[in-house]
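We have chain A; now place chain B onto it with these hints.
If you read the protein sequences in the order shown, they are chains A and B. Our numbering puts the first residue of the first sequence at 48, with every later residue one more than the last. Our numbering puts the first residue of the second sequence at 9, with every later residue one more than the last.
Derived from the structure by calculation, the hints contain no laboratory data. Treat the hints with care, as some may be off.
[Unchecked claim] Calculated pairs, SDA-like style, for lysine to any residue (alpha carbon to alpha carbon, straight line, at most 25 Å): (1) B:Lys94 - A:Gly126; (2) A:Lys57 - B:Pro339; (3) B:Lys266 - B:Lys459; (4) B:Lys394 - A:Val97; (5) A:Lys87 - B:Gln405; (6) B:Lys94 - A:Ala76; (7) A:Lys84 - B:Ala137; (8) B:Lys18 - B:Leu32; (9) A:Lys137 - B:Val332; (10) B:Lys253 - B:Phe295; (11) B:Lys266 - A:Leu89; (12) B:Lys275 - B:Tyr409; (13) B:Lys16 - B:Glu53; (14) B:Lys37 - B:Ala137; (15) A:Lys84 - B:Asp417; (16) B:Lys37 - B:Lys56; (17) B:Lys376 - B:Leu423; (18) B:Lys386 - A:Leu83; (19) A:Lys74 - B:Asn424; (20) A:Lys137 - B:Val334; (21) B:Lys259 - B:Asn475; (22) B:Lys376 - A:Leu104; (23) B:Lys459 - A:Glu105; (24) B:Lys376 - A:Arg64; (25) A:Lys87 - B:Pro301; (26) A:Lys87 - B:Ser208; (27) A:Lys88 - B:Gln387; (28) A:Lys84 - B:Gly336; (29) A:Lys57 - B:Gly336; (30) A:Lys87 - B:Thr303; (31) B:Lys386 - A:Ile106.
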Amino acid sequence: MSGFGVETVKRVAELARLQLTDPEATKFAGQIGDVLKYVKKLNAVDTSGVEPMTNALEIGTPTRPDEVVPSPGPSTMVGAAPESVFDSYKVPQVMG
Amino acid sequence: MILELHEKLKTRKASAVDLARHYLARIKKDQTNSYITVCDDIALEMAKAADDRLAKGEDVTVLTGIPLGLKDLLCTQGIRTTCASKILGDYKPPYDATSVARLKKSGAVFLGKLNMDEFAMGGSNENSAFGAVKNPVNPAHVPGGSSGGSAAAVKAGLAAATLGSDTGGSVRLPAAYTGTVGLKPTYGRVSRYGLVAFASSLDQIGPMGNTVADCAALLGAIAGHDPRDSTCAPRESENFLEGMKQHGSRKLKIGVPKEYFQGGLAKDVGASIDRAMSELKKQGHSFVEVSLPHTEHSVAVYYLVAVSEASSNLSRFDGVRFGVRVAGDRPLVEMYKQTRALFGEEVKRRIILGTFALSAGYYDAYYKKACQVRRLIKQDFDEAFKSVDVLISPVAQGTAYRLGEKISDPLQMYLNDIFTIPVNLAGLPAISVPVGRDSQGLPIGVQFIGKHFGEAEVLAAAQQVENHVYKEEANHGF
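Extracted from the complex, chain B is given alone in its bound form:
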């Protein structure tokens, strides 16, 4: 999508202002609730500036004039940033996230801020103070979460591409559920500066688009060292479109983790992945079984590590520095407690669990134990990658479930993340790419997992699926 639009803009067959107007008009008719904030005026201003760059032919990048949406936990200077929570009110950050600043520099156009699960906690986008997002493929179903708005906006043609964030699968799951492509980069590949923190050792900003190339183009613009994030790796960005092309001409050795295919997989999901593997074999790629023996413990590890980090990170929302204050006429501690009561139910639940796991007497049994098993999970991947280029796996056991179906059982919702969580625990890059539809017409995704900083290989593997196995229709009407 991005490359085609770029061609039209570069050859002046269309203007960035036309393109921005086109998407803004589509957003006005949105039925999915993808956007929390639409910034018409800013979008048109940015589009005009992009047209100037395009007219002069100076400083033109592949993103100049491309209309994008941003998950509403990326700080945007002067544009309301809510994290889909009541606690931030109309908070307007005084600075841009590094990824946002880099997109601005590339000449991209911002359409607005996208709906999500509150503070990125959830897998269905039902935990939003601004209402649930509907799956554009079937509005009775969830779009997946937590970057549900980012995925739905891409699918419904409400942005050319978007940014999401992925702590335990929050880019890949909604990509799979909506028939779009979502990439979680290597931990440290993209600066987290200005990304409102959920679980700092797991969070990573990731691109979402209609095609693998869209994700490669976006990643190239946002990746690279940032002195403002001490966990950002000291390496520059790459031309991922070029890297993907180079790896695409290779025959890949693809590992099949046996623990990811042991029962529980919906029939249509399993069949689609089997078909993809046989098509890729015909293209000369080879498959070998590998083992990740600690997989079964990953959900338990994740929900201890993530909630512990969250309980610490979310302590900053106390009615003093940002957002809303409740009971300002009461003593300090009472003000804290009443203000923090504005958090939604899932956020409160995780703060309680995390505070408990870190509390005196329980720290070693829960948090420390989880961090030890986390190392074993990472070592499983290190061992597997000694013999393969990438791993293939499902993204989820089934397709998008119905709105309301799992909301009352948090543990069941957490267990749905079994195939995406280990990747975050080990800090690896992974992509979800469409591989077919089930008997109800709901999209199915397949995941490729790469070595640290192996995004180009992961993108190349996903593009093989796009080229030789299955491609979702994408028509934004422009």
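Chain A on its own, in the form it takes in the complex:
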């Protein structure tokens, strides 16, 4: 991976659905480039045969009885949304 340029920042921002200003993109390119250079040091560690660890506790996935329990109604949950209609989330037009 060579250089982390402004174009890469903009492409990744598009994937993340994040609008950036040009000065932000320029600033981030330098700063993230520095971080990526730093994390490259991990390549020096021999990890052959090491299972990736995504959770320190590794207790597996617990299960519980599939029982109906009370929960807040739809109007309570949807009520926290910026826009709603008929207890449903309202979104703008999807196709541009």
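Just chain B now, with coordinates in the frame of chain A:
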């Protein structure tokens, strides 16, 4: 602090309403910017209910009537929860976090929601949409982060104790910088249900207080299995005050990780920890050098794992289900992008880095590699704990730096977390307890790290420091 206040409340020398009023009056004169939201009416209502319980002598716990502050990423039903971000606006959660619900059940009183780095991303509490928090010990300096408000409020006497959260040191660093005590419990000890997620495999809610006993009392109330969090360990809470007492009478075998003491440590920090070790030796505790050889890789691992998880977790803030919507008259994707532009700079930076680390073609090189080295870091601790009860280490290389000093260099800010991050990667419990002041009068903390679910031992070690080495003054004027 909590135990003394509890005694006054229990013997009816003071009422919970008096106590709540006392703290609310202090908050009105706050100079540190510790609070984002103060809930006077709710606090007084809860205090009245606590007084009823105390008068009847029924259902009284050590927290009944104790005024607490909560980091503003814990969901509180009907009370604004901002994560110190503009993107949540005036979001009022429709439910309580499990830790919040448990504190309510214990009869505690909520004073309000505490300032923090936005979405807990930062080590200085300068990344807040509600302004930076100042260190009560010296207002020109940062209080540490991300639970800066939680630490400053304890130090400045704006809450008897508080809850923070710790993903890479966010409870322990501000505790060290402000001369307070902060505990990061074992991963899975406290339910994360209702804690707004930053990095789900690292986040843990932790108590902060003026004394080790305050942290033990709070932890006892919030710990324990919760079916609503699948990563919460299936074990009940404990009486940590009692456990701490039991371990306190033992002679502890304390490991000194050599990689944590290799240069770079500020002179006063090193000297304070040396003094603590010689005092603890006099008390009969023994020290043995241990090695954690993968320590130097922990910051790199952390910043890949944490940002990857964050980029995924923060995708939920899209202007549809919570908070604020921008450009609602534009097509969906445009609305997403403009709404998410409300994130602060550090949050945006981490979303970009995390999205990149998880993207096609880079996943194995960055995220997977980091998860492999993470296992090696944990194995280092497993090996060390075969021969010792707890580990001792600095919390940070120096003391609280000046506001603005590191804000423009994220990598330098990240490297400041080298002593706290490995603990989160390995899921261990650890505490920061005051051990002295430097030549500028700024507080210094020392860290004790324990085995999984070894909180009682960690608390006991910290209390040895409090009893025999150093204790910060704490006077909330009540």
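Requested in this report: Just pull the numbers of the violated hints for me, sorted ascending.
Outcome: 7 and 28
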